Amino acid sequence: LVCLRLHPGAGQDVGRSCILVSIAGKNVMLDCGMHMGYNDDRRFPDFSYITQNGRLTDFLDCVIISHFHLDHCGALPYFSEMVGYDGPIYMTHPTKAICPILLEDYRKITVDKKGETNFFTSQMIKDCMKKVVAVHLHQTVQVDEELEIKAYYAGHVLGAAMFQIKVGCESVAYTGDYNMTPDRHLGAAWIDKCRPDLLISESTYATTIRDSKRCRERDFLKKVHETVERGGKVLIPVFALGRAQELCILLETFWERMNLKAPIYFSTGLTEKANHYYKLFITWTNQKIRKTFVQRNMFEFKHIKAFDRAFADNPGPMVVFATPGMLHAGQSLQIFRKWAGNEKNMVIMPGYCVQGTVGHKILSGQRKLEMEGRQILEVKMQVEYMSFSAHADAKGIMQLIRQAEPRNVLLVHGEAKKMEFLKQKIEQEFHVSCYMPANGETATIFTNPSIPVDISLGLLKRETAIGLLPDAKKPKLMHGTLIMKDNSFRLVSPEQALKELGLAEHQLRFTCRVHIQDPRKEHETVLRVYNHLKGVLKDYSVQHLPDGSITVESILIQATAHSEDQGTKVLLVSWTYQDEELGSYLTSLLKKGLPQSTA
Amino acid sequence: MTRECALLLPGVCAALADPRQPGSDDTCLEKLLDWFRSMTEFDPSVSLVQDNPCLTEFITSILALPEPSPSILSFTLRLAGILASSENRFQHLQQEKLLVRLFGTDGPLSSTVWEDASVRSGWVEGVHSMMHHQPALHFLCNGGGIEVIFALQGDPSLFVASAASRLLVHMLILSVESETTKPFSTKDFDWPACAQMIVKRIEDSLQSSSASHVEQSLKLLTSLFSSCHSRWTEVLWLGIAKQIESFLTEETIQVQRILANLLLNMAWSPVFCDSEGSFWALVTSALERLTPVQAGPLAVGILRLYKCPQDVRIQALTVLLQPMDCILRAASQPLEYAGLLDESVSDPATVESLLSSKSSCASLLCQTLAHLEELLSLMYLRVDLPYTSLLRSLMTILQFCNGFLSPASPLGSTISRILINCIRVQRSALDVLAALSERKGCDTLIGSLFDVLLAYLESPNTTSTVLKKTFQATSKWLVRLHELSCSTSQWQQTEKILADVFLVLQKRLCSPCWEVRDSSLEFLTVLIKCLRDQDEFRQSLLSSEVPRLTENLLEDPESYVRASAVTAVGHLAFITFFAPELPVIGNQYSKENTVAKLQEILSKDPEGFPRRAVISMFTKWLRQGCTGRMEDTERFVSRVIQTVEHDLDWEVRLGGLELVEVFCSQTICQLGLPRCSSVPVLSAVASSIHQNRSLQIFCRAKLFSFLFRSLCDCDKPVGQRACDILFALRGNFYPTGTLRDSQETGELPPGHGIAWLQRTLRQGSLAQNFPTGGGDGVDFEDPESMMLALGTIDLEELHDELNRSSDHVEKSPQSLLQDILATVGTIEENEADCY
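Going down the list, the protein sequences come from chains F and B.
In this text, residue positions in the first sequence follow full-length UniProt numbering: the first is 1, and each later residue adds one.
In this text, residue positions in the second sequence follow full-length UniProt numbering: the first is 1, and each later residue adds one.
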């Protein structure tokens, strides 16, 4: 079982996922993420490392996508439509529905920004999605005759799944990103006791015990509320989907509860579709949402309305969700420029921003920004960062390992130093090996697969007849000839094997000459040898035959005088293949000479 | 380096070298290196390091750290390499022994950080960057570096291993090409010292019993022979050829695949492909000895070559055709065998055994099919392929896969059992089938080919991906069928096939699976594009239910399908109401109805794809002159742009501009150019304007308001396109030479509000929206004002501004340095929180 990390970008980055697993001759790619920090080829994994000879479609048996975040699926259209992978791609139903929205959103931003090359088109996204096979939770999907996969609920985001990959009796479980505590709209991850040979787990919060998300949510609402109350405007840059919906639910319920009147706008047309999917896949959300759904659909927003570009100049308070999420182009950047100069306003960044964006600049505290045409924009509005991401923390990771009982663990998606700490904890507590390969490194894990073998009844009877009655709980050693034919294994008796294969039996005997200095007569030497062996090999049947030879089991020893030197006796030792061990032991024993005392 | 950057750099260096600071984002460091690379690439002078002593100080301070973080150490190694890329700077750094301390045996190489892959990677990359001159070469060779690089070829990190291999190739080439003193001679070639060391190591490792050493050297040779085509490579080859041949004949070490790749890369080098005898003999022997799977890539590579002995070519072709031949034989009765290959050249035993084994059958076929597709996509093939037999073989494979054929022969029944429902093979076979349609000579089989294709189109077992490929193959062969029936007048067969195709398309358009509906619509659009001039095609299509079902799909719940339906309906219009002669069938297709439906989608559809499809279809109609007389067209365009002006999707707005562009050029073409060729004075311009019909039309259609507002669009491509169009219009209305004068007049006559417009646009078009309510009295429908605006506003400056990427400021080195400085002292907890 071989596991190779092939994340995009040069360094040991956090995030961006692409893992290649080879298991029992099958090759599976887990996730196909992109790195938003680069504008060139470095944003995608370097797929040329997957196979140096031959085509990707022939090499890979399938690609599995764990969830719709771009650091897990962003390179997929590039991989399938530009690099040329033409095989099957698996993801859950919600992921298949939502993934193209995000890819399209990001494509639009990229084209909008200009100056980018080698990026996929809308048609490519569509063609890629047509190759995707959607799977249900807990449904065993047969990729081919040997390879099967199964999805488990992972929390994290709508449709996120962990996958078990199984070939014969070897298996790997891949967590993707997961969350072990339920949140406002999603449940906790769960996997059955599948005892995989390897569990590949994310470890973003490897050493963190996170405070509850509730606190962060309360904080967020408080800040929005305060700003609106004092007549300010709140800008929340988001990507079309994911966090945006989460925050919408929050604000919607809060507005309802507090009976607030300030308008909330959503700037992108894509959201309608996104909300549609959140409604459609209600079963993927948590218990609470499903229950309230009977009375009211949580994604049917009463207070949140579509944004028109002209609204930005309206007086009075408002909250606006605008794309893109890192303030690097388009609508959100334009609104930011309009509002930045007023200290009453606020911008809330609900996610990480890569370097090279306005979002990154203001988050790092820069307040005088150079804009196009050498203009300086002074940022007087408040800048807030709110992390709402849902990953398992150290406790959660341990909990999942306890659930799945893997034989080995491999940590990805985290920082080396933090992972090292967790690795030690896992090894101590569960007594399993824990790996953390760097990007570009391969981890090889040896498995002891049990391979089913058919055995003929005759042989079974014969073998069980030897020795004690069989004990069902204890393994038993069987002897026979293994025939491997047409992907099946059969253990038969050697005689049967000969018959089946039409072969004649050959006897193999090894012989060896041992020279011994002994002036006595030959029969006396034989007697000395006999006594010596009888003394040493107490558990074996040592016999002195009337023809003057000695036998020890199947081993035959004969003595003759040396033709040239009568003082030297030549012992001819011969044995069969079955007694190879005893035979070589005996020759080495005799080579040491005979003890004087027996004389 | 700008003055601002030079001022920021010392602070950045200090921040990076400070171990108390949290590690900088990897992308920042990467981009910093990009910047240094761009500065040093064309400037060998020492000024960069001399003027910025902070750089050497930075390296020194990193070296002084007891435990530098791997990422910053890796950065330092790469930075030092980049700086040392010129001889001058190399010497400068060496004065302080910095390079020895970084890259020598006592440096990071011997410390515990070496265990970190990023440090090893930084070391290799650093060495590679500096390896542009002899002092660097000697520095490394004399310091024992070669041994390190050879060892790194077997590094656990793939990135490091392959970088080490590339580095050795680079060093070998540099050494030979910069240090050879004597003129070249094959017989007694003097390797320079450094090259000698590398060559010796290659020879030794080829002779070693370790498979991984052999493998590494073969990979190294492969990349050497593919990147360097100098004569001396032959000398190297002569020294190792025997050894390499032995890998092929003795097979003690399993390196066949790499060997095939090596030979292929050599065949592409003029040094070897022009050589006589021995090299090609080795290739032939490889084609014979390697298994079909190993030899396949070599064979297809050989067939792509321009220069290659014909017998080698035939041998390569045999490798590729053998599996296809085997399939044909397996399916046919013993006596009717008309295979692909002459029985004298084919040795079917190996291929037969591979095809009759479950584990290898599909992969061998898929590989062979992929190679055949590659060959068929070549414009000029230097060898004849037996197209008819190939087609027959493909049809057989497809019939094995859907269970329509299960021959009596033992081999045939085994293969058919293995292949049934094998999607991989179906996909590959259909790809080849599509490619084969371009080649002449398969015509006799066309009838039975469509039986196979229709079976796939009809079968409920056909998966959506296979169906899509079947559609692609079918459309190509339908075009071929049409060409054929034109020459043979076999219309009946064509009509029958078309009727069958539309019947099955009707069913597929109603599939519950959106992928199938969408592929069906795309298929229909392709057919209309290719065959819309053909009577039989139009008749069959219009007498089927397909057009009605297509219109229904305009209301599909899936937006992708709606968009494809829009495109299909748009193309259908070309054969219904836009056709020059009316269609034969009673005309139930109302133009007004369809246009209204598409207009409604454009204004109401909640998603971008269908709206984008509508606007692009409208532009196509306009291009093809389908929108009626000029007045009708004017009204049509005006209505459309008023709809798209406020669209949330900028690509729809961009589509609207494209429509405007086509409309403008058509109008100007039809009405002739303005007659104001010599009117330097503004008043004269004004007087001629009223005679200028096209300008009046544009004003009436409200084009200018749309164009000028678009200049302020928050999405750059929209502004840029609008600017391009205005540019072109200005060129039309102000012929060369007349513009300068008008722009220089400076004073603008009052009452037009153009000064205000100019100011607004100059304030930075992207800074804000175009003010609503028209703004200070600019009348966008007044030809005189618009003529004035075109002549006055500085479109060049706007054009330059709009042409830059929206993050060009944030991407600049100065901004990068500021960002690194800004993160000093902050804790980067945000990092983990990615989207």
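To be clear, the hints were calculated from the coordinates, so they are not data collected in a lab.
Remember, it's a predicted structure, so these values are computed and weren't measured experimentally.
C-beta: ideal position from N, C-alpha, C; glycine also.
There could be a bad hint or two in this list.
Stated by the list, open to error - If you want the footprint, here are the derived chain B segments under chain F, 3+ residues with CB under 8 Å:
no., stretch
1, 187 to 201
2, 360 to 371
3, 708 to 718
As the list claims (entries may be wrong) - EDC-like mimics (lysine to aspartate or glutamate), calculated; alpha carbons at most 20 Å apart, straight line:
no., chain 1, residue 1, chain 2, residue 2
4, B, Lys811, F, Glu343
5, F, Lys223, F, Glu370
6, F, Lys423, B, Asp116
Structure-based check of each hint:
For the stretch 187 to 201 of chain B, the proposed coverage by chain F is not satisfied: 0 residues have a C-beta within less than 8 Å of a C-beta in that chain, short of the threshold of three. For the stretch 360 to 371 of chain B, the stated coverage by chain F holds: 4 residues have a C-beta nearer than 8 Å to a C-beta of that chain, and at least 3 were required. Check result for the stretch 708 to 718 of chain B against chain F: holds, 4 residues qualifying (beta carbon to beta carbon below 8 Å, three or more required). Taking the CA atoms of Lys811 (chain B) and Glu343 (chain F), the gap is near 27 Å; set against the 20 Å cutoff, the hint is violated.
Simply put, Lys223 (chain F) and Glu370 (chain F) have alpha-carbon atoms about 27 Å apart, too far for the 20 Å limit, and the pair is violated. Restraint check: the Cα-Cα separation between Lys423 (chain F) and Asp116 (chain B) comes to about 17 Å, which is no more than 20 Å; the hinted pair holds.
The structure is inconsistent with the numbered hints 1, 4, 5, although it conforms to all the rest.
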